[in-house]
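Whole structure, please, built from the sequences with the hints as guidance.
Here's the letter readout for the chains.
2 protein chains.
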Amino acid sequence: MITSITIAAALRRNTTLISGVTAFSLGVAGGMAQPTVQASSASTSSTLSDLASRLDAIEADLGISGNGRQYDNFPRLTPKHQSLMAKHLSREIYDTLKDRATASGYTINQAIQTGVDTPHLGVGIVAGDEQSYETFKEIMDPVIEGWHGYKPTDKHHSDMDPSKIKNGVIPDSYVVSTRIRAGRSVRGLALPPGTSRGERREVERVLSKALSNMTGDLRGKYYPLNNMTDQEEQQLIDDHFLFQKPGGGTLLTNAGAARDWPDGRGIFHNDQKSFLVWVNEEDHMRVIAMQQGGNVKEVFDRWCRGVSNVEKVVKAEGREYMFDSHLGFVCTCPSNLGTGLRASVMIKLPELAKNSDRFYDLCSKLGLQARGSKGEHSPPGPGGVYDVSNKARIGYSEVELVQTMIDGIWKLIELEEDLKQGKSIDAKVKAL
Amino acid sequence: MITSITIAAALRRNTTLISGVTAFSLGVAGGMAQPTVQASSASTSSTLSDLASRLDAIEADLGISGNGRQYDNFPRLTPKHQSLMAKHLSREIYDTLKDRATASGYTINQAIQTGVDTPHLGVGIVAGDEQSYETFKEIMDPVIEGWHGYKPTDKHHSDMDPSKIKNGVIPDSYVVSTRIRAGRSVRGLALPPGTSRGERREVERVLSKALSNMTGDLRGKYYPLNNMTDQEEQQLIDDHFLFQKPGGGTLLTNAGAARDWPDGRGIFHNDQKSFLVWVNEEDHMRVIAMQQGGNVKEVFDRWCRGVSNVEKVVKAEGREYMFDSHLGFVCTCPSNLGTGLRASVMIKLPELAKNSDRFYDLCSKLGLQARGSKGEHSPPGPGGVYDVSNKARIGYSEVELVQTMIDGIWKLIELEEDLKQGKSIDAKVKAL
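Line by line, the protein sequences give chains S and W.
Going by the numbering used here, the first sequence opens with residue 79, and the numbers climb by one from there.
Going by the numbering used here, the second sequence opens with residue 79, and the numbers climb by one from there.
Quick caveat, the hints were computed from the structure, so don't treat them as lab data.
The reader is advised that the hints may include incorrect statements.
No copy labels: a pair is met if it fits in one copy or bridges any two.
To be verified - Calculated lysine to aspartate or glutamate pairs in the DMTMM-like style (CA-CA distance at most 20 Å, straight line):
1. K233 / D341
2. K158 / D308
3. K165 / E495
4. K390 / D308
5. K508 / E429
6. K176 / E398
7. K469 / E454
8. K452 / E310
9. K426 / D485
10. K506 / D402
Have a look at this one:
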């Protein structure tokens, strides 16, 4: 990708161009001088002021002025800065990226701001638009590889055919509830950290139109955050569906993604409260399907239909989801690239829970990620309940990841049953 | 911003690129040169209109008409938005300003962001650099006039000669303590809401150098926020000298002025703890002189010497304070333009305190602003203590404002003495 500075420099190196640029500058100077002398009306002076400020913008854009570019803007990264961004952002990479901007004007300084201001983050960099991943690839690529183990040359594919899922119904005696979520973004519109008010509202317009068109079991209502009744708000709170304005010191606030709150944000859910969509929170869209019990296939089916039905309207609006054969579905945070899919069950495993280290180790071997009552590696909730999900996000299709989760859960159940019957599971664990 | 993609694509087209860029440049040059030659035969307005439409073409070509500019980005201002910005930002003014930027790249959207996100603010707009006041004058002017009653044609003058102060020593029996503060900014460097890391550090470098050179009673030490011992930090907290990272939902955070905290921020105080400077909090510099008792002249003298001594080093560095014959000393918030000076005393007026409405009314007539224990119009603190300061900030010199405060305080003391002796003050109040 070419930087403004590079181009400005390249332009200056070109003889024909030098004369062109010089003439351009002189032309402006000469042209401006003339009307200034003749200026008498207020509208003339305000037009001139307008022209001057637009020239400032052009100069800033060409990298021939302003915004502290002559100073060293490399961030102060301390030992408290634990993110992959902080680990990989060498001075050399920063200097390579510092004068670049995406077409929507998003810069590396904006991308890393939340990582600089929120030192404990694991990723530490966000995309302001789809192009951010390409424009800032020198830092994005190692962050993506560090998080996902996914190389710049790796390819991603999508498969959202729920009929391929096998053994997708897990007994309710084990599984309390099932939940599948992923993000989607609308191509051509900036992501929340880099968006403008108008683009954010355009995202909301397209998505709320799509959501309002849902039929059958997906039929429901869109609630804009800035225009709901007190009763609706209370109901959404009671259902744990409402998302709140991000507080100070959070990833989203420090990334600039909480600007203009609550403008352009909203929540959709179907009448049965088994399909939920967040609009313009961290991503353009977070799509969540959930229900009680262990019918993973049914939840996946609903999730797929929801995502696809929205897509039809998005396409009818002349738009499409952001998707790339390398990055998969593009989201704000690099950790959600690929499928961005998290398929999880709340599962009761009281016997396995008795050996916590072994349990977490098992999950890891099965391609699963487990969370206890207080996150990863914490003890289970009451009754030996864990939140277990697929671990990978990218490089595997949605079907593959859901199947991995299902297969892993069945294996955990097999081991739990063995333990219940007093059998040793050592051999089976070793064989994994 | 430059459409990297467009230009990259053009670059890949190679020969076409060169001729394309050349044609572009020559086209501009030729086109711009034309009106200069023919200026006498072209009307000013048609020349300007021609310039504007060709700038449109340049911007479109450079891709800087992006960043959601094709959408309506006018903010949603609700009845909760009480600021002067919200009051005066008509759609017409917004549309006039929306494509402008200062030389450092600061935009109207950045300037109003904190007013949009912090509805209760009184001002609701900040400057990202000195030029913001000029570039966005269509909204800045009515905000300034609304806050200060100061018209766009009004002139400001500075006078920092403490020898002109009369009756500057007020009895300690009345005055508990005296405090004078104002802000200063270094010309050519962006203000905290619009600054880059490098500019912020340059402000700190220049100011900490100046402060470290202070001698005599002003001699002291500069403590950078990111590099102080735990002991130093605790001492600064105990002295109430330390400023904290602005929390979420505050003016500064929502204005983008808390980015990169604590980088570039720091505190200076003299050994006697009677002269304090904050670096890169809301302003480049907040200068505060204070001491116990009512020797206002001495406090003002110290404050003036501190500001002037720092200025000498700023000038030796080839820089100067931001000052304008209309705006006075330029600060981040329009409410602090002019002198930005607040000269206050904590004063015990137990008799006057018995009639709170009359007291606040008196202060207003005397050009004073009074605060009780909980801000304006609240009851006094224990013993009838009020915080009383000058009310105006701009249109009067520092000497005039300090003298106004002193004269007003003497008048309040006269009335308090009358009340103590059981005399009616009605006639004197009426005569004000």
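Hints not upheld, ascending by number: Violated hints (numbers, rising): 1, 3, 4, 6, 8 and 10; every other hint is consistent with the structure.
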